[in-house]
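**Q** In order, the protein sequences belong to chains P and A. Taking my numbering, the leading residue of the first sequence gets 1, the next gets one more, and so forth. Taking my numbering, the leading residue of the second sequence gets 1, the next gets one more, and so forth.
Honestly, the hints are just simulated from the structure, not real lab data. The structure presented is a predicted model; accordingly, all values stated were derived computationally and were not measured. Watch out, some of these pointers could steer you wrong.
[As the list claims (entries may be wrong)] Only part of the chain A face toward chain P is listed, based on derived beta-carbon distances under 8 Å:
{"no.": "1", "residue": "Pro37"}
{"no.": "2", "residue": "Ala70"}
{"no.": "3", "residue": "Val89"}
{"no.": "4", "residue": "Lys91"}
{"no.": "5", "residue": "Ala95"}
Glycine included, each C-beta is placed from N, C-alpha and C at the ideal position.
Protein chains: 2
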Amino acid sequence: MSNESSPQVQNLEHHECWAMLRTVSVGRLAVLADGRPDIFPVNYTVDGGTLVFRTAQGTKLAAATGGEAAVAVEADGVDPDTGLAWSVVVKGTAALVKSTEEVLETSRLYLFPWQAGRKDTFVRITPDSVTGRRFKVTDPMTWWTQINGSAKASQE
Amino acid sequence: MSNESSPQVQNLEHHECWAMLRTVSVGRLAVLADGRPDIFPVNYTVDGGTLVFRTAQGTKLAAATGGEAAVAVEADGVDPDTGLAWSVVVKGTAALVKSTEEVLETSRLYLFPWQAGRKDTFVRITPDSVTGRRFKVTDPMTWWTQINGSAKASQE
Numbered sequence: 001m002s003n004e005s006s007p008q009v010q011n012l013e014h015h016e017c018w019a020m021l022r023t024v025s026v027g028r029l030a031v032l033a034d035g036r037p038d039i040f041p042v043n044y045t046v047d048g049g050t051l052v053f054r055t056a057q058g059t060k061l062a063a064a065t066g067g068e069a070a071v072a073v074e075a076d077g078v079d080p081d082t083g084l085a086w087s088v089v090v091k092g093t094a095a096l097v098k099s100t101e102e103v104l105e106t107s108r109l110y111l112f113p114w115q116a117g118r119k120d121t122f123v124r125i126t127p128d129s130v131t132g133r134r135f136k137v138t139d140p141m142t143w144w145t146q147i148n149g150s151a152k153a154s155q156e
Numbered sequence: 001m002s003n004e005s006s007p008q009v010q011n012l013e014h015h016e017c018w019a020m021l022r023t024v025s026v027g028r029l030a031v032l033a034d035g036r037p038d039i040f041p042v043n044y045t046v047d048g049g050t051l052v053f054r055t056a057q058g059t060k061l062a063a064a065t066g067g068e069a070a071v072a073v074e075a076d077g078v079d080p081d082t083g084l085a086w087s088v089v090v091k092g093t094a095a096l097v098k099s100t101e102e103v104l105e106t107s108r109l110y111l112f113p114w115q116a117g118r119k120d121t122f123v124r125i126t127p128d129s130v131t132g133r134r135f136k137v138t139d140p141m142t143w144w145t146q147i148n149g150s151a152k153a154s155q156e
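The following block holds chain P by itself, in its conformation from the complex:
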C-alpha cells in the first residue's frame, strides 16, 4: 500500500501474461539492426507458447530476424472490466519459419497481415522470458481502447 516506488504496480503471473497476450493482436517488436535498436509494430498470434507473425520477405524486419536473433516483443492494453492497464514483454529468439509443414500449420492460425501487401515470411519467436505488469493508469492518462472484441464480434 505504501510501497513508495510504485504503489500500484503488480507483477503478472506467467499464465496471466499469456492470457493478456491472447487478448490483443498488435505488438511492437524490438530488434537490433546494425547494432542499434529498431522497433516495428507487428500483428502477432500466440501459437503453443510462441508468438508468430508475418512480414514481407526482404524487409529490414525479415533481415533483422533472418538468423536466430534476440528480440523483444511488447504488448499492452487496458482491461475493460477493471480499467487497469497491463503490459507484457516477451524476450526471446526470432527465427524464420522454414519448413513447408510448419508454414502450412502456422498459416492456419487466425493471423491477419498488419497491413495490406504481400506478406510472405513467417517469423516465430520462442520466449526465454515472459514478464508482465498490471497497473493503474494515472488520470488523465491517455491510453488506447481495445477494439478487438467488437471487431471480432462484427465479422460478418
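Assemble chain A onto chain P, guided by the hints.
**A** Positioned in the frame of chain P, the structure of chain A alone reads:
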C-alpha cells in the same frame, strides 16, 4: 497502384511524422540492455524537436538510458478521419535531463506519468532520424482506438 510489394503504404513527410507524434502520448521505447533488445511503453511528449519522458530513478529503463544510449521510439495510431493507420519511428540518443533549469522547463510540459508512482527522472531523446508510414489496415485487422481526444475533452 500496382506496386506489388506494398500497394497501400505511403511514407510520411517529416512534418507529418511530428504532427502524428503529437497526437498520441504513449509510445514504445526500444533500448539495448545487456546487449539484447528490450522494450517499454513510455508516456512521452514532444518538446522542440525532441521527445521527453519520465521514468523512475533506478529502474532498468533509467539504467538503459543513463548514458548516451542509442534508442528507438515507435508510436502509432489510426487517423479517425481516414481510417488509415500510421506508425512513426524516432531513432536517436537518449540522455538524462540533468540541469535544474532543464528539468524545470521540461516539467512544465503536459507530461503525465505513464503509471502511478514516483517518477523522478526525465529522459530526452534527440532524434537522428524520424520516419513514418501511413497504411491501410487490412480488414478485419484489429487495432486500437485512440481515446486521447475524448480523454482530453472530459477532463473536468
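**Q** Could you run down the list of hints and mark each one as holding or not?
**A** Structure-based check of each hint:
no.	hint	in the structure
1	Pro37	holds (4 Å)
2	Ala70	holds (4 Å)
3	Val89	holds (6 Å)
4	Lys91	holds (7 Å)
5	Ala95	violated (15 Å)
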